[in-house]
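Work out the full structure: start from the sequences and follow the hints.
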Amino acid sequence: MKSRAQIEAMLNYVQTVENNALQFDEEAILRAYETDEDNQSLGIKVLSVFGGILASLAFCGFFFVSGLYDSTGALLMFGVLLIGGAIVLATQIKKVIIDTLSVSSFIIGLLLFGFGLAKLELDENTLTLVFMAIGVGTLSITRNYILCFVSVLVINGSFLTLIISNDKYDVIHFYISLLTVVTAYFFLNESKIIAAGKAPAKLYSPVRIGLIFSLLSALFIVGKKGIFPLLPHLIWLSSISAVGAIIFLLPKILDVLEITSKKHRISIAVFSLVALSTTALCPAISGAMLIVLLSFFTNYKTGLAIGIIAFIYFVSQYYYDLSFTLLTKSILMFSTGILLAGFYLLTYKKLMSNEKV
Amino acid sequence: MKHLERADIHTISTHGNLTEAGVERLLKENVYNNKTAWQSFLRLFFVALGVGFMAAGIVFFFAYNWASLHKFAKIGLILALMVTTVGLVLFLKSNINIRNTMLTGAAVLVGVLFAVFGQVYQTGANAYDFFLAWTIFITLWVVVSDFAPLWLLYLILINTTLYLYAEQVATDWPETMVFGLQFVINTSVLIALIWLGKHRKLVQAPPWFISVVTLACATFATLAICIGIFAKYAAIFPIIVCVTAIVYALGIGYALKLKSGFFLSVVAFSLIVMVSAVLVEISDGESMLLLVSLFIIASVTLVIRTLMGLQKKWKNAGS
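Heads up: the protein sequence lines correspond to chains A and B, in order. The opening residue of the first sequence carries number 1 in the numbering used here; numbering runs sequentially from there. The opening residue of the second sequence carries number 1 in the numbering used here; numbering runs sequentially from there.
Treat the hints as calculated values from the structure; they're not laboratory data. For each residue, glycine too, the CB sits at the ideal point set by N, CA and C. One thing to keep in mind: the hints can contain errors.
To be verified - Taking beta-carbon pairs under 10 Å as the criterion, some of the chain B residues facing chain A (in silico): (1) I12; (2) E24; (3) I58; (4) E167; (5) A231.
Printed below as a string of structure tokens:
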């Protein structure tokens, strides 16, 4: 919560950044800080989500046991009611305590609606497209954080389901490339999206974390051998977008590091390209690396933590799956380690240069 | 100097007419990482990756040759590692946290040593006495070091020993009793630490440690009571219920005094799960599950409301 004086100080500072005279709705800003919904303590958020999950489980249990499962009409009706109810609740009453109700209602509604549609024996593609439409619709209507996050995951899941049910597994490379480009665009154009209007600004945070989870889940499927029957000689396709995005991000990073000499920039770019191309057979590694770099560039701590954990996991997974003997693997890893340590020593002077000044 | 946080920029921009360039400048100056941050990050990144890969390479090398090593070599190798680590801890003049971390590493090596011993002489995996021996042999280090991660390792070992003992030797103990015992042990540690921290100033347990142990205690209590509810035959069940009730009451009182929402959330959530279990057990009808679902929603909402009200009250009282 911020006092009026603090808010005025903030607004004065903001005014110094812009050239034109700015107008602010101070009352609205004060009210926004007072309700302060997104700044609840982690304990309350976690309690809310867990409560929602438990309630959903119990309700599903009730549904199966009571035999309502057999009636298609009831399933569809309840499903739509619950989804609609969740959206209405979240939109009209902007309080955290309604989050539990709205999240559990939404998830249960989705499940029921899905079961109902499945019973109608529609074409699988139609079913998936309907779910995708629900996801997109929810995104466009509601501004609630958790509902938007779940909608992004639903859309992502629908895409993956479309790929699986049509047995076109290699399309996932195209999908991952699309996701990578969208995620990178989202991270790097924060100002454009925030300044575009009230709705995009509110949607930014949940969509961002939703995109990260979607990208990581798609990469996980490609990274772990045997989940999808992919053509092994096409796996490097997914790496292209991630490597491309990293190379695109490189000049921006070098600008922040104030490395301006053309010779240095080109040599760093070439070295990075070579280093990244060694991981071409495991797009998950370059994807996780991209998330780490993007999150650090925009100082998004949650994304950074998730990216680092994913990176460590994917690298371990890659080495575990390598079908060399342990001796070969050990030599490989040791030499990689020496290379990296050598790179550290080489750039040590450069990276410490500013501290003396 | 950083004047704003990201959430502030989002809020202000939503209610004003900032341009894209303005928001970009605000973000760059207040939120995005600058040169020094990037330099530290890259330094840490390369060092961590380099050392990690080299260590992994060495481990893999030993793994490859493990089967062909003589048994004295295997045990001797680990002993040598352990002695080197402890020697470093004693004689290296660096930061106390680094030395404590190395001591924790040595404690893990004790376990590795016993595991290798068990593998060489085929004493059987998961034998509870392996964990018991491990626990006993690092007791001295745990007491001396005053280092929370090492305490955490010690607690994990004690709990594992107890659980495996119940599974392998005392198979006639009801499950409720095992979990109840673990609850009692962990709670005693928790209470002892809190009391020592406040009144004797002997040890200061860091908040994250207290939170983790609290979560563990609550988990065991919940498990013990839920299993007891469904099992219905354990004679020890009423005792456990009483002990839990007393501990929870104490916990709530302590939380209110300390103005910490965390204890209250944990106790509240545990109670909700327990009551749901009771409800499910009382009737086997399907309508009860619906009732349970509604009950969970209502109770969680009520708890969150109360917590938020308390938080507001504490903030106003404090500020």
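Structure-based check of each hint:
Evaluation of the I12 of chain B hint against chain A yields a held restraint, the C-beta minimum of about 6 Å falling below 10 Å. Annotation: E24 of chain B was flagged as interfacial toward chain A, and the flag holds, the nearest CB pair being 4 Å apart, inside 10 Å. Taking 10 Å as the C-beta contact cut-off toward chain A, the hint placing I58 of chain B at the interface holds, the least distance being around 7 Å. Taken as an interface hint, E167 of chain B does not check out: its beta carbon lies about 28 Å from the nearest beta carbon of chain A, beyond 10 Å.
Because the smallest distance between the Cβ of A231 of chain B and any Cβ of chain A comes to about 20 Å, over 10 Å, the interface hint for this residue is violated.
In this structure, the hints that do not hold are numbers 4, 5, in rising order.
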